[in-house]
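Number of protein chains: 2
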Amino acid sequence: MFAAESLVKTLLNQGVEVCFTNPGTSEMHMVAALDRNPDMRAVLCLFEGVASGAADGYARMSGKPASTLLHLGPGLANALANFHNARRAKVPVVNIVGDHARDHIKLDAPLTSDIEGFCATVSRWTGNVDTPEQISTLAVEAVRQSYGPEPGIASLILPADCAWSDIEPEVIEKTDFPARHQVTEDEITAVANKIRAAKNPIQYLGDIACHAQGMAAAGRIAKKLDCRVIFETFAARISRGSNHFSAQRLNYFGESALEDMKDCDLLVIAGSKAPVSFFAYPGIDSVLTPPGAEVMVLADVTTDSAKALADLADVLEANEAQALQPRSQAPELDREQPLNPGFVGLSLLRHMKDGSVICDDATTSGMGVFPWLENGPDHDWLCLTGGAIGMGMPMAVGAAIACPDEQVFALCGDGAGAYTCQALWTQAREKQNIINVVFANHSYLILNFELARVGAGDPGPAAQAMLDLSNPKMDWVAIGTGFGVPSVSTKTAGEFDDALVYALATPGPHLIVAEI
Amino acid sequence: MFAAESLVKTLLNQGVEVCFTNPGTSEMHMVAALDRNPDMRAVLCLFEGVASGAADGYARMSGKPASTLLHLGPGLANALANFHNARRAKVPVVNIVGDHARDHIKLDAPLTSDIEGFCATVSRWTGNVDTPEQISTLAVEAVRQSYGPEPGIASLILPADCAWSDIEPEVIEKTDFPARHQVTEDEITAVANKIRAAKNPIQYLGDIACHAQGMAAAGRIAKKLDCRVIFETFAARISRGSNHFSAQRLNYFGESALEDMKDCDLLVIAGSKAPVSFFAYPGIDSVLTPPGAEVMVLADVTTDSAKALADLADVLEANEAQALQPRSQAPELDREQPLNPGFVGLSLLRHMKDGSVICDDATTSGMGVFPWLENGPDHDWLCLTGGAIGMGMPMAVGAAIACPDEQVFALCGDGAGAYTCQALWTQAREKQNIINVVFANHSYLILNFELARVGAGDPGPAAQAMLDLSNPKMDWVAIGTGFGVPSVSTKTAGEFDDALVYALATPGPHLIVAEI
Chain A
29 MFAAESLVKT LLNQGVEVCF TNPGTSEMHM VAALDRNPDM RAVLCLFEGV ASGAADGYAR
89 MSGKPASTLL HLGPGLANAL ANFHNARRAK VPVVNIVGDH ARDHIKLDAP LTSDIEGFCA
149 TVSRWTGNVD TPEQISTLAV EAVRQSYGPE PGIASLILPA DCAWSDIEPE VIEKTDFPAR
209 HQVTEDEITA VANKIRAAKN PIQYLGDIAC HAQGMAAAGR IAKKLDCRVI FETFAARISR
269 GSNHFSAQRL NYFGESALED MKDCDLLVIA GSKAPVSFFA YPGIDSVLTP PGAEVMVLAD
329 VTTDSAKALA DLADVLEANE AQALQPRSQA PELDREQPLN PGFVGLSLLR HMKDGSVICD
389 DATTSGMGVF PWLENGPDHD WLCLTGGAIG MGMPMAVGAA IACPDEQVFA LCGDGAGAYT
449 CQALWTQARE KQNIINVVFA NHSYLILNFE LARVGAGDPG PAAQAMLDLS NPKMDWVAIG
509 TGFGVPSVST KTAGEFDDAL VYALATPGPH LIVAEI
Chain B
29 MFAAESLVKT LLNQGVEVCF TNPGTSEMHM VAALDRNPDM RAVLCLFEGV ASGAADGYAR
89 MSGKPASTLL HLGPGLANAL ANFHNARRAK VPVVNIVGDH ARDHIKLDAP LTSDIEGFCA
149 TVSRWTGNVD TPEQISTLAV EAVRQSYGPE PGIASLILPA DCAWSDIEPE VIEKTDFPAR
209 HQVTEDEITA VANKIRAAKN PIQYLGDIAC HAQGMAAAGR IAKKLDCRVI FETFAARISR
269 GSNHFSAQRL NYFGESALED MKDCDLLVIA GSKAPVSFFA YPGIDSVLTP PGAEVMVLAD
329 VTTDSAKALA DLADVLEANE AQALQPRSQA PELDREQPLN PGFVGLSLLR HMKDGSVICD
389 DATTSGMGVF PWLENGPDHD WLCLTGGAIG MGMPMAVGAA IACPDEQVFA LCGDGAGAYT
449 CQALWTQARE KQNIINVVFA NHSYLILNFE LARVGAGDPG PAAQAMLDLS NPKMDWVAIG
509 TGFGVPSVST KTAGEFDDAL VYALATPGPH LIVAEI
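In order, the protein sequences belong to chains A and B.
Here my numbering is used: the first residue of the first sequence is 29, the next is one more, and so on.
Here my numbering is used: the first residue of the second sequence is 29, the next is one more, and so on.
Treat each hint with caution, since some may be false.
Identical chains share a label here; the pair holds if one copy fits it or two copies do between them.
[Unchecked claim] Straight-line distance between alpha carbons at most 27 Å, and here's what the computed BS3-like set of lysine-lysine pairs gives:
#	residue 1	residue 2
1	LYS252	LYS459
2	LYS459	LYS227
3	LYS459	LYS251
4	LYS202	LYS227
5	LYS301	LYS501
6	LYS301	LYS252
7	LYS134	LYS301
8	LYS134	LYS501
Treat the hints as calculated values from the structure; they're not laboratory data.
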């Protein structure tokens, strides 16, 4: 028995049941420990950005942390971009990073690096195992820290010689972790008085306030006060569909977002903070709260914002649910039309099952799909919280493990998909019910808009080339097939619809190229 | 005109002529500046790890920095693993990272992150542009810092509003940068006296001491004193072939490396430091200098180690070159034999041209190719300096830009190749003469050895699964084709030989799968 095994057993006792991993030599005793404790589901990823994205997707759908097991600084480095997204999603992750044996670190061997420095960029807590005796205690602390009160990434650095030590620390039993902060009665009353008095209040939601319970409470308040409900452009998880209250998504571009906020005199915030634009533009203010509007934070991201909204609704005697819209009836499909993101949304509306999970990593195209499903089948829509593209396919891996009975979708731009296409291999290996839709516009399309918007002038040929992915065009059917996922290309609304029907009926992962 | 343009013009004046990039909204004015200054060759990469690996390969072959242009913290994060390799290779890189506009940073928008923290993990210098007026001055400082005296990554953080500012700083003309340290006559004499007196000295080489001039000088000393010459297991660039002195590569596994060092009483180091094992193993010492041997550093990595060896040879009156081995005659090819790395080496010996560049990211398989070319066609062999797999295909991109008239090879394990396969797209886009050989053993084979060596016990099915890439097998012909590179699979010595002949004769990139 090695000390590593007490780490795995202790994590299992805390409810950490999945490990997304790409191990190396310094993690071999963790591999052996996973081997002996099969209750911890070990999921191999061909690239660490897949592991971190999968941990994010798992946590968004399960509400609890997965573990990641990564190989020294460079392995962690590859995971950082999707950990950035996870950090912005405010989800718990227990990130285990192997290190060289303690005596080896000072020798500065080729793989030695500043692991704590890498961890610090994305972690809310980093623990360094100094002795094997600490392993179980630090494992529990990592889980505790991952839960917050602001959930996030808790990193645990594990030197190889601590992992392989014979000194086996006690396996720690199930521990209780502190819940999120609660909003007091007085605070609720203060917000209730303000929102009653406001002429044109907006409830602005993020984090778990966008889950079903929070949305329902916001809907009750909206019904009572006839006020707007807007959620973050890139919320971590939005419960949507005809059985959910329909709130409005804040527009991406600042001028449209300002229009969304127009005439507001009070912003009541649950699970977020006052909205700002995604990027800055010359001569345009980045702050999106209208001048003169008061900002009241009912609940920040350390707080149970869904419960706070429900309490607020109760104090407001907002007992009646907002009348739900009937389920959208899909218009007839004009099968011969050239495909566009709207037709993808329409086909999803026609065929998607209740309970589906959509991982949206398709910047411009995702915006075209989104409106179609507002009153469609019930689903969770997971956004690119941190703006680091390459999250869709990995996140789908994690969501599918958290929700094995649901259909998961990854909507990816071709630019975004290229970042972490290795996730397809894990989808095939784990036989996951994931339908990957790759929108092939052969361009970083959003940047064509942005280039003009930031006032960088008319793009010449070199600038155009830097936003263009058509030379050569990626063949996504080949790439998907290469990683073991059945793949098909579609160019018309009808072809996409047929491909979707087939994929939904055929277990395992699929990739559908939407040539748009 | 924007301030960004003065940055590009100033870099051009310092001899920085290539920019490997994946830009985003915050870098659009740099894109416009590149557009207007086509002397700076802009090379688009589908993933930032390709850009950093390419900058490394370019610098190893050209001796000067390329620039990288990356999108905020997450874009940089994706580049860090190959920057780790570049840091270990001691090569110059000017790494430009876009940041939000200065007023936008404090708003903590989704893409905001600790860019300085990311930079610090791999950079020898980080500069933050605080005002547009500083841009040119900091650009020159970045180039200066990249050159060392220990060459490395100089990172420059460029806020979008500084880049788009109308205040255009002066374009700075060509600047002289300090050369590497020189070893004094007294120091050379001291080493000469020691090495003359030693019974069994070893010259231990790394860094530029492994280039042609350093190797030749070491060969003269070896001829004069009949002493061993050993170079680092993972040197950045080794000049090899029948027109070069043949030194010995230090073995990877510690016990074999100790055997290489046996009976040595004096280690004279040029461009390196005393060798240590790559990983630690239970109960085995990581230090590879034999007990009792004296270590003398003739030249460390801040120093012109090649010149130091030449000076030492002069003082030792080692005027005669070591007799070179005749060029190896390739044995006849047994075409029907199942392919293995040795046959790949044999085919390279048969057909490779002088001047070729080999980027080795094929851990176990690369070791099987290496010996075949010792006295073959002249070539440079570039190693995985930092142990972060996923360097081969990206590095080949950069090497091919530095050496447009030479044939470049990327030797990749299938595990390593999966990390940064997006590099194939840039190879196709730039029509580079790169032959990618993917050794498909469908396994993290090295880890099968390491699992046993670290004493983690007999692997059970879960452990075996974590080292196994055969479920599903990646189809590399499909992946290569998908990214626009003509690809073929080979299973016998003859099939590989034919594919290599075809690829050498046909311009542009190729991918040959070596099923082993």
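Earlier hints that do not hold, by number: 1, 2, 3, 4, 5 and 8
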